[in-house]
Amino acid sequence: MGVVWTAHDERLHRTVAVKQLLLQPGLAEADTDEAKRRAMREGRIAARLQHPHAVAVYDVAEDDSQPWLIMEYLPSKSLSAVLSERGTLPPRDVASIGMQVASALAAAHNAGIVHRDIKPGNVLLGDDGTVK
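Residue numbers for the sequence shown follow UniProt numbering, so the first one is 1 and each next one is one higher.
The hints are simulated quantities; they were obtained by calculation from the structure and are not laboratory data.
Mixed in with the good hints, there may be bad ones.
Here are the in silico distance ranges between beta carbons for each label pair [claimed, not checked]:
1. Arg38 x Asp93: 31 to 39 Å
2. Glu72 x Val114: 16 to 24 Å
3. Ile113 x Asp9: 33 to 41 Å
4. Glu10 x Met99: 18 to 26 Å
Even glycine gets a Cβ: it sits at the ideal position worked out from N, Cα and C.
Kindly generate the complete structure, drawing on both the sequences and the hints.
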């Protein structure tokens, strides 16, 4: 779970998405440390995946005891938001979205990565038609 902002990478002169990974409040210090380590490890693993239908992870960082991911920015809406706005989608659109998501998941699995949270809110439909 996290909060995502749009930011500008001043060194590389590009727009990025910055995700603050929220840690569960009230955890013991050891559990908080383990959650941070896990978040950072998962970010490093995700950064290995390079696929046209997966959001690229550029960097992981820790600041103010919070883990952060620096990711590719995709002007988009979530599949969940699109379904809320439009209701059902045409079968051709559903098939295209499904094929692109399946392609990214297959690449992830081939790299030994398991997503663990596939849902319409985590599928992005880019303004340019890209699905990630």
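Structure-based check of each hint:
1. Between Arg38 and Asp93 the Cβ separation comes to about 36 Å, which falls inside the hinted range of 31 to 39 Å.
2. Between Glu72 and Val114 the C-beta distance comes to about 20 Å, which sits within the given range of 16 to 24 Å.
3. The hint said 33 to 41 Å for the Cβ distance between Ile113 and Asp9, and at roughly 24 Å that hint is violated.
4. Glu10 and Met99 have their C-beta atoms about 37 Å apart, which leaves the hinted 18 to 26 Å range violated.
Comparing the model with each earlier hint shows violations of hints 3 and 4; every other hint is respected.
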